[in-house]
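J.: Could you put together the complete structure from these sequences and hints?
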Amino acid sequence: MTMVGTTPPPRLPVRNKAAGSRSGGVSPMLTRLAAERATGVLVRECGTLYLTEGRVVHAESPLAPGLDVILTAHGTLDARAWQDAVDRADQRHDADRLLLDGGRLAPGALELCHLSALYDAAYFALAPSRTPGHFHYGTTHWLGSVHPVPVAAVEHETLRRRSLLHRIWPDPASDSAPLERVDTAAAPAVAPRQSAVLGRVDGIRTAADIARELGRPAFHTLVAVRRLAAAGLVAPRTPPTPAGAASADRAGTGIAAPDGLRTAAPDIALLKRVRDALEAL
Amino acid sequence: MPGIDECLLEAMRLPGARGAALVDWTSGLALGTVGEPPGGDHETAAAEAAELARLAAEQRAFAPDDGEEAADPPVEDLILSNRDSYHVLRFVRTSFDSSVFLHLWLARADGNLALARIRLGEMAGRLVLG
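So the protein sequences, as listed, match chains A and B.
Quick note on the working numbering: the first sequence kicks off at 4 and runs consecutively.
Quick note on the working numbering: the second sequence kicks off at 129 and runs consecutively.
Keep in mind the hints are simulated off the structure, nothing from the lab.
Computed from a predicted structure; not experimentally measured.
Treat the hints with caution; some may be incorrect.
To give a feel for the contact side, a few chain A residues facing chain B, derived at Cβ under 7 Å [stated by the list, open to error]:
| id | residue |
| --- | --- |
| 1 | Ala109 |
| 2 | Ala112 |
| 3 | His139 |
| 4 | His223 |
| 5 | Val226 |
What follows is a set of in silico ranges between Cβ atoms, one per label pair, in the way DEER data are often shown [to be verified]:
| id | chain 1 | residue 1 | chain 2 | residue 2 | range |
| --- | --- | --- | --- | --- | --- |
| 6 | A | Leu274 | B | Met140 | 52 to 58 Å |
| 7 | B | Asp193 | A | Asp186 | 30 to 36 Å |
| 8 | A | Thr241 | B | Met140 | 41 to 47 Å |
| 9 | B | Asp200 | A | Asp205 | 21 to 27 Å |
| 10 | B | Arg254 | A | Thr241 | 48 to 54 Å |
| 11 | B | Asp194 | A | Pro191 | 24 to 30 Å |
Okay, the calculated bits of chain B under chain A, using three or more residues with CB under 8 Å as the criterion [said to hold, decoys possible]:
| id | region |
| --- | --- |
| 12 | 205 to 218 |
| 13 | 221 to 231 |
| 14 | 247 to 257 |
Ideal Cβ positions, reconstructed from N, Cα and C, are used throughout, including at glycine.
T.: Written out as structure tokens, the structure reads:
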């Protein structure tokens, strides 16, 4: 008689979270450019980094509000003063000097906004990309060097920010999808800076749209969105499923599905969130 | 008209100052640091101080109760003491959207908490207003 042993259940899939940090830098090309003290602009899929002698002097991304948005959104600087400095900037006069010399802006305010915008855009520019980056030697930014930052510091901060978001709420779907509010029976109290974000969630706007409207760094908006998602108040809008496909399938079985079970997609999304939350424990 | 580094160096001239930093409390990033890091590492100190600042800034219990609309953040500063030192966290009010504070670490034997608190408030104002 043979013994029949039970097969152990398969191991649950767990993502290799350490893979990103073990490989060192986020972009080997950027590390090399820093080592050779290159000056120019690195163009990647989700943004660009401006380097001067191997240090990051500026960063831009379509996903992050620019320095102009942050400075003008709440009237710190009026849009005309900004445009004036941009127009007058040339080889000998950087825009940052023009803004400061005109007394329109305190140096601390400019540095604060600039550093904040730099790390913010770099977070998106250094996101994993599907296409290779390109470097154009010699190109400089018209803003000048407000506060150059070592490449290693920018890469390190980008990785730290990724893990910070992951710790708050591990599902990245809410970072880029249109957001919608979720009705909860007992909604937890929302901090003022988060409620400004929550107030703009309307099923159409994405986190990047909300960041631009608030004149707030996009990463700060992502932190708020992930915290709201963790609290169950906000969810990425699931694309509408083709109603015909689901009903035709059910019609074949001859069983009428209750209203709440008509589509399968939200259940998969929910299961995914539960899995991610368990993984994060 | 000080920049970030000048502002932090000014804070270091206060009696008993051991270290100072300008920290963003949403991301936990230190935008500038001078002097010794509390706990041995500026990055960790910034992240830990950011957690404390965020809690203080977000809890309704610590907001003023005078009926007027609360500023953002509603808290002005945080004072923390231990056997050998003081920590003063001063929120920086800006006309743009931000979440930063000045963190000053003072030796308890030489530090003057009242003076540090007043000076740090003035520095926070000058940093962004010129």
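J.: Confirm or reject each hint.
T.: Against the structure, the hints come out as follows:
1. Ala109: Result: holds, 3 Å to nearest chain B Cβ.
2. Ala112: Holds - the Cβ of alanine 112(A) comes within 7 Å of chain B, reaching about 5 Å at its closest.
3. His139: Hint violated; histidine 139(A) Cβ to chain B Cβ min 28 Å, cut 7 Å.
4. His223: holds (5 Å)
5. Val226: Valine 226(A) check passes; min Cβ-Cβ to chain B is 5 Å, inside 7 Å.
6. Leu274(A) x Met140(B): 52 to 58 Å: For methionine 140(B) against leucine 274(A), whose Cβ atoms are near 54 Å apart, the range 52 to 58 Å holds.
7. Asp193(B) x Asp186(A): 30 to 36 Å: Given about 31 Å between the Cβ atoms, the range holds.
8. Thr241(A) x Met140(B): 41 to 47 Å: With Cβ atoms ~53 Å apart, the hint is violated.
9. Asp200(B) x Asp205(A): 21 to 27 Å: holds (23 Å)
10. Arg254(B) x Thr241(A): 48 to 54 Å: Hint holds: Cβ distance 49 Å, inside 48 to 54 Å.
11. Asp194(B) x Pro191(A): 24 to 30 Å: holds (26 Å)
12. 205 to 218: Per the Cβ count (0), the hint is violated.
13. 221 to 231: holds (count 7)
14. 247 to 257: Per the Cβ count (4), the hint holds.
When held up to the earlier numbered hints, the structure conflicts with 3, 8 and 12 and fits the remainder.
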